[in-house]
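Peer 1: Chain by chain, the residues:
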Amino acid sequence: MNKALPPLAIPIIAALLLSSCQTMESATSIATVIAQGAGAISETQAESIRKTTKAVARSAEEFTPEQEYYVGRTVGAVVLSKYKAYDNGQANRYLNVLGQTLAQASDLPDTFGGYHFLILDSDDINAFATPSGLIFATRGLLRCCNSEDALAAVLAHEIGHVQLRHGMQAIEKARVTAALTTLAAESAKTLGSREVAELTKTFEGAIADITNTLINKGYARAQEYQADQVSLTILKRVGYSPNGLVEMLTLMKRNLRPGGVDFAKTHPSPDDRIAEILKSSPRHAPVLPPPARQKRFEQAMGKI
Amino acid sequence: MPKHSKIFMVACCLFMFFSHPGSADSQKTLNVQVREGQMRNAPSFLGTIVARPSYGEHVILIEDRGIWKKVSSKGVQGWMHASALTAKSIVLKAGAANVQTSATGGEIALAGKGFSEEIEKEYKSQNRNIDFAWVDRMERFKVAPDEMPAFLKEGQVVPAAGGAK
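As you go down the protein sequences, you meet chains S and Z in turn. First residue of the first sequence: 1, per the working numbering; consecutive thereafter. First residue of the second sequence: 1001, per the working numbering; consecutive thereafter.
For the record, the hints were derived by calculation from the structure and aren't laboratory data. Errors might be hidden in some of the hints.
Claimed, not checked - Simulated pairs of lysine-lysine, PhoX-like, Cα-Cα distance not exceeding 25 Å: (1) S/K295 / Z/K1121; (2) Z/K1153 / S/K173; (3) S/K295 / Z/K1142; (4) Z/K1153 / S/K236; (5) S/K84 / Z/K1153; (6) Z/K1153 / S/K201.
This one's a predicted model, so the numbers in the text were calculated from it and none came from an experiment.
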């Protein structure tokens, strides 16, 4: 079966390899199928061409929004195994109206399952955003907000992590390649039990990579600063005061306990974040919310 | 068939592929890649929602303004955000009418494959201590589209003029 390539097949394949990167993989697969069907190359040769092309350029961006959604659901469930949900209908509803409105003004308004927000019953100062848009904030963090504008800044920062796909980027490269390769190899077929077991193991690993980053290690400082920038952009687009973010960070500085296993451990200090914000934007006037806005904020969040 | 004519055939096929990358250039279709898309009457997050095309649905591109695409589907026209759409065709079920045999990976996205409901189920069976009840509850926290402008209005939150995408 392993006969040498016919002379014309080589320039054809070489030409393909030189064609644009974006179409290379699909064009090569199609060409390989055609060449193989025409008997120009053997099945073994066809397989190895496919493998070589598949081995390049596997990144977290290749997961479909649907796959991100399933990763996000499980990351959310793991967060909820460490923190208890705060079962307050009025407060959670207010958070969702505000948060979902802000998400619509982000650069990623549409995720597979949409954005959903939940308060965690904890005095820690912490927040988590899963791929595809499940967003959690502790009561301790919400107490760092004294206006709707400040609360909007917190939620918009978390939306920033979703928009920038920081969660998916926390998955180890080797795992991303493993998952996408299993999927590509199986294509439209039904997965066998061995593939399901393999993929579940990769999935568990991916969940561990993300939750470990969210809960223990924290994102890179640069990623936190990027999320702050997204927050400022969303605040301005929607019409909230960008100073909400700085005011929230100022209160957070007062409330953070040194040595805490929350933002004290996983985030740059509030001072560093404020300094970074002021590098790129002028100091804004203090937040002066109209009475109607402040009243509904206090009604929903006053006893948090 | 003599060998040289087979090779000629391969070359012809490749020529056709590269000279006509898309057979429907005059009418470009895109596909909804989220569970529930939002088609608005204006290219802005403040636009009113006129339709909700669902996962895998084809829409026809009418006008392209970068992140906002004017599309039509089932006789309704409106604007959708680029994040809800993909050029890949979405295969909802293996063996469904639109699957074909050309599962080349780069051009189609397989729904329900990879990290999917099936894998979540397997994960749950192996991690019984992880409870999804609150995640399911959270997903039911929905805000009606017309509540959003009403919420902003009530709070006197005024979107930046022209700055809204």
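Peer 1: Against each hint, give a clear statement of whether it holds in the structure.
Peer 2: Going through the hints against the structure:
| no. | hint | verdict |
| --- | --- | --- |
| 1 | S/K295 / Z/K1121 | violated, 44 Å |
| 2 | Z/K1153 / S/K173 | violated, 45 Å |
| 3 | S/K295 / Z/K1142 | holds, 23 Å |
| 4 | Z/K1153 / S/K236 | holds, 16 Å |
| 5 | S/K84 / Z/K1153 | violated, 33 Å |
| 6 | Z/K1153 / S/K201 | violated, 48 Å |
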